[in-house]
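This is what each chain is made of:
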Amino acid sequence: MITRRNFVRGLLRFAFGISWHPSVATVAFRKRAMGEEGQAPRWAFLVDTYKCVGCGFCVKACKLENDVPYDANVTRTWVERYILTKSGEVLADTPKGGRDGFITPKVQQNTGHYREVKPEEIAKAFFVPKLCNQCENPPCVQVCPVGATYQTEDGVVLVDRQWCIGCGYCIMACPYGVRFFHPVYKVADKCNFCYHRIHQGLKPACVEACPFEARLIGDLNNPDAPVTRFINTQRVGVLKEDYGTKPQVYYAGLSKEVR
Amino acid sequence: MHVWRPLYVVLALIAGVLVARHVLVPRDFGVSSRGYTYGWHRKSNEAEWKAIKPKYRGRDYCKDCHEEQIKNILQSPHAPIQCENCHGPAMDHPDTPEKLPITRDREQCLRCHTHLPYPGSARAKIKGIVPEKHYADTECSACHNPHHPGQ
Amino acid sequence: MEVHGEAWTLKELFVYPNEYVYWSVQIVMYPFMTGVVAGAFVLSSLYHVFGIKQLRGMARFSLVPSFALLLAVPLPLLFHLLQPRRAFNVFLTPHFTSAIAAFGVVFSAYTAIVASELWFLYRKHFVTVATALREKRDRSLRETLLLLLYSALTLGAYDISENALRKDENATRVLAGIGIPVACFLHGYAGFIFGSVKANALWMTPLMPVIFIMSAVVSGIALCMLTYIVVMEVRRMRLSAVPVPHQPTREEIKGVELSEITTTAKYLVLFMIFAISLELLDLIFREYTALKSWDVLRRIIYGRDFTNIFILQYLIGNLVPFVMLLLPNLTIRRAVVSACCWCFSVCS
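Chains U, B and F, in that order, give the protein sequences. Quick note: the first sequence uses this note's numbering, first residue 179, plus one each step. Quick note: the second sequence uses this note's numbering, first residue -7, plus one each step. Quick note: the third sequence uses this note's numbering, first residue 1300, plus one each step.
Derived from the structure by calculation, the hints contain no laboratory data. Here the structure is a predicted model, which is why all the values come from computation and not from measurement. Each hint should be verified, as a subset may be incorrect.
As the list claims (entries may be wrong) - On the chain F side, residues computed to face chain B include the following (Cβ under 10 angstroms):
| no. | residue |
| --- | --- |
| 1 | S1415 |
| 2 | Y1421 |
| 3 | R1438 |
| 4 | S1450 |
| 5 | N1469 |
| 6 | A1470 |
Cβ coordinates follow ideal geometry from the N, Cα and C atoms, glycine included.
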């Protein structure tokens, strides 16, 4: 017979049992776990679009460091050029992802078409480097059917090359277009802040290659890190905030024309 | 009762999948502290990513042998440019590769020095040329020393 | 170095790197085929569950293409994977927050239901053949193999008494009853896979699963109608012009065919109304609220894909068959044309 005492006891036992389940445990005790460890970093990126000159050394370094085929039109990071004319037009291009820099004032329109913009027509123009946002709520991870892409404790989203089935759902789900199929390994690939480098005490290849400190990486859990201090004290923006992904790549000098 | 026969087949198939899971799924596959939505993965994959060998080694790696050149460039406006931006990733140089290829074509310099007067961008402040008009067929290093462009 | 997607992506529409059409024909085939499967199943259930007598011939017939296509559905999906050999990972480590992961479960459940239903329908046939072969003395190799196959198909249930067959019929009805929500779920799921991609403004709408189900039912019914007509016409042509006793005459078959088709066409129109009004509702709502994403959408809908969407899909694909089916005195020829039109519109 179910007496009240038995019922309560059973309920408690059930609650106790389920609290050991990892996913429940994380929801309930996340705060405590974070506080206890304290050392786990939360990697974040800072891009200063005022400082970027569009040299493309970051793209070159990234491709060579991470074995992304050099001439394939896929890349983990790229640089976009935006030109806003005085007549209100928005021109944007990124020839070869900006791998060879921007060495001509002509703007690439579509395949093979270039457009000359006279300096006096330009209202404002700037370069915007793009890379994986390592979102707090990565939509790409949410849609992976097999658990081949995931977020690590330090916030970086990785792809398991041995487990990925190559369905492409994560590529479709990413609002930022940072994912692609690796032409050699035939699995999804993306920027991971050079996970191997940041774990060996180095900076990501793009950060190291940038001569102008337009790209910086830092640990958000460390309030004294220059990047954290900048994000906390200066005006920064993120890309496509309305998707609810909570991007962790912050931009200084973002403009509304940037998609 | 014969009407349950198809159900037995289905149950046998489910059992088969469960056995296959037990055999084929790596032992360390599980949920991390990011929860099932964001942390469902094979744990050992993190270590696989961490173990990759860096190719770009940074200026400190070059310092021991090429002290003179580094001293030079650090005194010039080109000080913030890393060695490997022009000389390529060091990897295990001087073992492999024995010699690093140097990028010295005009396009390399034009990455920064094509004149692009963009208001609001640092590019406008860099000394620039119009490539077609500035000694179009000559290598830049014929006149400018990349390690000490002021000279 | 060949990039996946480069071969079939029109690069003039894309300016950025990594932007390729990664989901191509194979992925388009998938919702279309599950749609046909689900539609055919619903059609057969109309008879089995709701007892709509006019659809008797259609109901027995439509379950077969449903099952046949069901087995073909995973193939385009499998071939679109870059690592098809790892496809089984979906069962090994399913990540259920992904709409694709649950596909494995839903799809298997649905296959099991349709397969069981077919088993109940054809069990008598299996048993008769198996018993006949067993009693035969000198079996050829082919016959021995057939015996093995049919014995396996009976699953050891040889009871075909009146009582057992009635139980079969009841089981069929129960399965068809369970099957309808599962079929809708399967296809609604396909809709969810696309509708939940928030990076794609054109797909992202909560109406997507419902639209998918409705248009699925329509295309399923349309395709069943089409195959049914083809099969019946072939049968009619193979009959001799001179009436043979115990066999239907050409005229009789034509009569049966026409009455089945008219009833089916009614349901086709009904579901078509649902499908079209939902799609229009979605479009009008987007235009009226004009959120940020509408900017991009408007350019696609009214600019680049105007002919595809309005001329090909809505005019030829929806309006023409709609009007043709509604006009009085439906003929078989008109039914064929309109069914073809609808299939065509779904493809585009």
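To see whether the hints hold, each was checked on the structure:
{"no.": "1", "hint": "S1415", "in the structure": "holds, 4 angstroms"}
{"no.": "2", "hint": "Y1421", "in the structure": "violated, 12 angstroms"}
{"no.": "3", "hint": "R1438", "in the structure": "violated, 25 angstroms"}
{"no.": "4", "hint": "S1450", "in the structure": "violated, 13 angstroms"}
{"no.": "5", "hint": "N1469", "in the structure": "holds, 8 angstroms"}
{"no.": "6", "hint": "A1470", "in the structure": "holds, 5 angstroms"}
Going through the hint list in order, the structure does not satisfy hints 2, 3 and 4.
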